[in-house]
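Taken in sequence, the protein lines are chains A and B. Here the first sequence is numbered in our numbering, starting from 17 and rising by one per residue. Here the second sequence is numbered in our numbering, starting from 88 and rising by one per residue.
Just so you know, these hints were derived from the structure itself, not from any lab. Careful, some of the hints might be misleading.
Simulated restraints, written as ranges between beta carbons of each label pair [as the list claims (entries may be wrong)]:
# : chain 1 : residue 1 : chain 2 : residue 2 : range
1 : B       : Asp-167   : A       : Gly-224   : 33 to 41 Å
2 : A       : Gly-426   : B       : Gly-120   : 16 to 24 Å
3 : A       : Pro-102   : B       : Ser-104   : 30 to 38 Å
4 : A       : Gly-117   : B       : Thr-160   : 40 to 48 Å
Covered stretches of chain A, as calculated for chain B (at least 3 residues, CB under 8 Å) [to be verified]:
# : segment
5 : 265-271
6 : 309-316
A virtual CB, placed ideally from N, CA and C, is assigned to each residue, including glycine.
Letter by letter, the chains look like this.
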Amino acid sequence: MRYSGLQVLAQGLMGNRGWKPVWRDPEPKPAYDIVIIGGGGHGLATAYYLAREHGLGNIAVLEKGYLGGGNVGRNTTIVRANYNLPGNSEFYSHSLKLWEGLEADLNYNVMHSQRGVINLFHSDGQRDAYARRGNAMINQGDDAILLDREGCRRMLPYLDYDQTRFPIYGGLYHPRGGTARHDAVAWGYARAADQRGVDLIQQCEVTGIDIAGGKVTGVQTTRGAIRAAKVAIVVAGRSGQVAAMAGLRLPIESHILQAFVTEGLKPCIDHVVTYGMGHFYISQSDKGGLVFGGDLDFYASYAARGNLPMAEHVMEAGLTLMPMIGKARVLRSWGGIMDMTPDGSPIIDKTHVDGLYIDCGWCYGGFKAVPGSGFSFAHLIATDRHHDPAARFRLDRFRRGVLLDEEGTGSQHNLH
Amino acid sequence: MRITCPLCGDRDSREFSIRGHETYLDRPAPDAGEAAWDNYLHLRDNPAGETAELWYHGAGCAAWLRVRRNTLTHEVLKVDLVRDLTGGDHAD
Numbered sequence: 017m018r019y020s021g022l023q024v025l026a027q028g029l030m031g032n033r034g035w036k037p038v039w040r041d042p043e044p045k046p047a048y049d050i051v052i053i054g055g056g057g058h059g060l061a062t063a064y065y066l067a068r069e070h071g072l073g074n075i076a077v078l079e080k081g082y083l084g085g086g087n088v089g090r091n092t093t094i095v096r097a098n099y100n101l102p103g104n105s106e107f108y109s110h111s112l113k114l115w116e117g118l119e120a121d122l123n124y125n126v127m128h129s130q131r132g133v134i135n136l137f138h139s140d141g142q143r144d145a146y147a148r149r150g151n152a153m154i155n156q157g158d159d160a161i162l163l164d165r166e167g168c169r170r171m172l173p174y175l176d177y178d179q180t181r182f183p184i185y186g187g188l189y190h191p192r193g194g195t196a197r198h199d200a201v202a203w204g205y206a207r208a209a210d211q212r213g214v215d216l217i218q219q220c221e222v223t224g225i226d227i228a229g230g231k232v233t234g235v236q237t238t239r240g241a242i243r244a245a246k247v248a249i250v251v252a253g254r255s256g257q258v259a260a261m262a263g264l265r266l267p268i269e270s271h272i273l274q275a276f277v278t279e280g281l282k283p284c285i286d287h288v289v290t291y292g293m294g295h296f297y298i299s300q301s302d303k304g305g306l307v308f309g310g311d312l313d314f315y316a317s318y319a320a321r322g323n324l325p326m327a328e329h330v331m332e333a334g335l336t337l338m339p340m341i342g343k344a345r346v347l348r349s350w351g352g353i354m355d356m357t358p359d360g361s362p363i364i365d366k367t368h369v370d371g372l373y374i375d376c377g378w379c380y381g382g383f384k385a386v387p388g389s390g391f392s393f394a395h396l397i398a399t400d401r402h403h404d405p406a407a408r409f410r411l412d413r414f415r416r417g418v419l420l421d422e423e424g425t426g427s428q429h430n431l432h
Numbered sequence: 088m089r090i091t092c093p094l095c096g097d098r099d100s101r102e103f104s105i106r107g108h109e110t111y112l113d114r115p116a117p118d119a120g121e122a123a124w125d126n127y128l129h130l131r132d133n134p135a136g137e138t139a140e141l142w143y144h145g146a147g148c149a150a151w152l153r154v155r156r157n158t159l160t161h162e163v164l165k166v167d168l169v170r171d172l173t174g175g176d177h178a179d
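One chain only, chain B, in its complex shape (with noise of 0.2 Å):
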């Protein structure tokens, strides 16, 4: 599986490393109750299909990146710079 990183290129899946469904974008506020964080940290859709994941550019240029990937056949589809999603804030 390669990736192209918006800033590097195409690279080897290798230099990346994966947090998760990109739900870690929404993070919920301290006081927003047990489904907010139940539905944040543990539920999820699990498409067989296309899916959209947060990755870590961690030997290349250290961004957090937005992944949409299909889960039946790993074709990547199309990558962003989290920063240009939230304004400038990371993930978590």
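Bound conformation, chain A alone (with noise of 0.2 Å):
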């Protein structure tokens, strides 16, 4: 079924009787020639582009609980390309320009808002290394504009000037970024990989992989065995498990980060906002919650909820920035499961099995990323060979020394 407007009108007068499930449900196939394990986004964007891109249709995506019901419907929705090395910087760009044509390409709402990111900077060495960031993104082809105080002052007039521990000297503007509806990402990305004959298959759990003669043939699952001549894995923060039964032990280390959401306001915060001297960032969503994040609690953690020191950081630094939010009310707060490597970037890389892949390490910027990892990760499954913009994220660049470690801080796993 394809949407359109006239759609939208037609079934409302029908008092919208006529919609119907939007993937089918399958029962597994003995075999495929890909397994994909993770039906997050990540997983379900990799299924669409080996399909759409290479024309792939005997694939499977192995789902342990529902489609999108880990950190894709979990996340904070913050959509940018403001990247500054040269391995990310192209990489991101790439993914932002899928994501400018997603809606269309998908035929799905994902309700995708070019709002504007806006990085605050509180010191001259700060704004110095904005405008390097921002030159990097206009070198690269993407838009940046280093804001002074009186610009910021006229997009943010609600921010708190006037505070003497951290002035605000600045902002540095990346128009393009924004936010997106998660879960629609995840739905859409479902629905289109469906269309295409991929198997969406829920409640399935791999619980082993198949090798044999260094070479990948299958995997066992909740619901029985399947065999495959290529298997990808995309799990996240599970990736240390699901990497364990194939031998391979990761660059990883799985880390919590809390995230929050208000009651709903009237729209008062009209971009995504970012504290430069605490853990702090923040957007409004279309139902008008003020959605809001900081950093890692910084312990390794598979618990999906953080501890107090944390979330009173990220309230009082929010509170610094921005007094007026201090009458909303917290409605929730949750943790996700980061997979964070060593040096903050992500991997997307063959494995010492023949056939067998993995696309792990997006620490927690892995949201913005599902259309360009999908892609990429598509590219590499299908060629065997890397996709230009993702090449620099490999698996053995540790060991090899060769680290993107966009923010410097060194080569630790919850320091990024």
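Got two chains here, each in a separate frame; can you build the complex from them with the hints?
Below, the structure written as structure tokens:
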């Protein structure tokens, strides 16, 4: 079923009784050409681009829970391409271009809103660093505008410009950045992949990876064995456990990142705003809730919930920057399981097992990467060659000492 | 989360900072080779369940601690002084 304005109107007039489920619920077949482990944003996008870009159809996505129930349904929905380092810059630039055509491509409203991202700075040194980053973005062909204090004041009148501890010097404005509706991204890719013949198999947990003579032959699951010529691991925070099934030890530690949502308010925050001196960033959802978060709790965790110290820090930082939000009541908070690499950059690569591929290490930046990651991972799986924009996301770069340390904080999992 | 320091007793986790997995206690020799250093710096078992980490009691006794902890529940299971485990050497 193709969506259109006319169809929405017709369904509305007929009481919305004609909508059908948008993907099938197939039984797993005994064998596929390609099995993708993980039905999140990256896994679904990978399946879609394998079908669309490479004409492959005999593909299954195996999901242990429900589609989009992991980090793609539990993030703060920010989409941007404001990276500095060669390797990251071209990748996120490519991903943003895919975002810009995504709704027409998928025939699905993912509510992509290019409302602009503004990174505030609070010292001369930080301004220099952001000016350099802005130049890197412009060199990459993306957009960046360095705002002074008055420029910020015109766009963000509600900030506390008079605070003495961390005065606002200005901001780096990335107009094409913004947000998207997180669930819709998973659903849009799932529907589009299903339409191209991909089997989306939910409630199907992979319990083993079959390897014979150094080559992958299939997977064991809670719904039986499935043979496959190629197997792709895209499981975010659970990468360590799934990779271990193939005898692989990853440069990844899973950490907790908390996020918060307030009650619905009238529109008041029009952009994505990040605080340069405290762990705090914020945007307002289309439902009106203020969506905000901070940094890792810093210790390894699979609990999907954090502890009070970071929650307190985020609230304090937020109130320092924009005191007006102090009266908003927080409705809920949650924690995501982040697959942290030692340099804060991701991995899209082959493994030591022939036919086994891995896409992981997105740290806490995976949402904006969903289209780019799916596209580049599909390219690798289909052609066995790295896609140019993702060619530096290598599994062995840590051993070789070729880090992609965007923040320059060093080689430790919890420092990014 | 609260951590029971062997020297100071039951304390708020805010008094401590984490270094990382206890792998950091086994620092390879400078000439141990790429694989040993990769193992030490980057590769992790990343268990969903019991793990052991190095924590530093900066706002307390300034001791290095090995904390056995459950990553699924945040339960702290056992805390030892690193100096008792290594015969006096600190982490690093």
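Hint check:
1. Here the CB-CB span from Asp-167 of chain B to Gly-224 of chain A is close to 35 Å, well matched to the stated 33 to 41 Å.
2. Our hint of 16 to 24 Å for Gly-426 of chain A and Gly-120 of chain B holds, since their Cβ atoms are close to 21 Å apart.
3. Distance hint check: the CB atoms of Pro-102 of chain A and Ser-104 of chain B are about 33 Å apart, consistent with the given range 30 to 38 Å.
4. For the pair Gly-117 of chain A and Thr-160 of chain B, the beta carbons lie near 44 Å from each other, so the given range of 40 to 48 Å is met.
5. Closer than 8 Å: that is the beta-carbon criterion, and the segment 265-271 of chain A has 6 residues meeting it against chain B, so the requirement of 3 holds.
6. Here's how the segment 309-316 of chain A fares: 3 of its residues keep a CB closer than 8 Å to some CB of chain B, so the rule of at least three is met and the hint holds.
Of the numbered hints given earlier, the model fails none.
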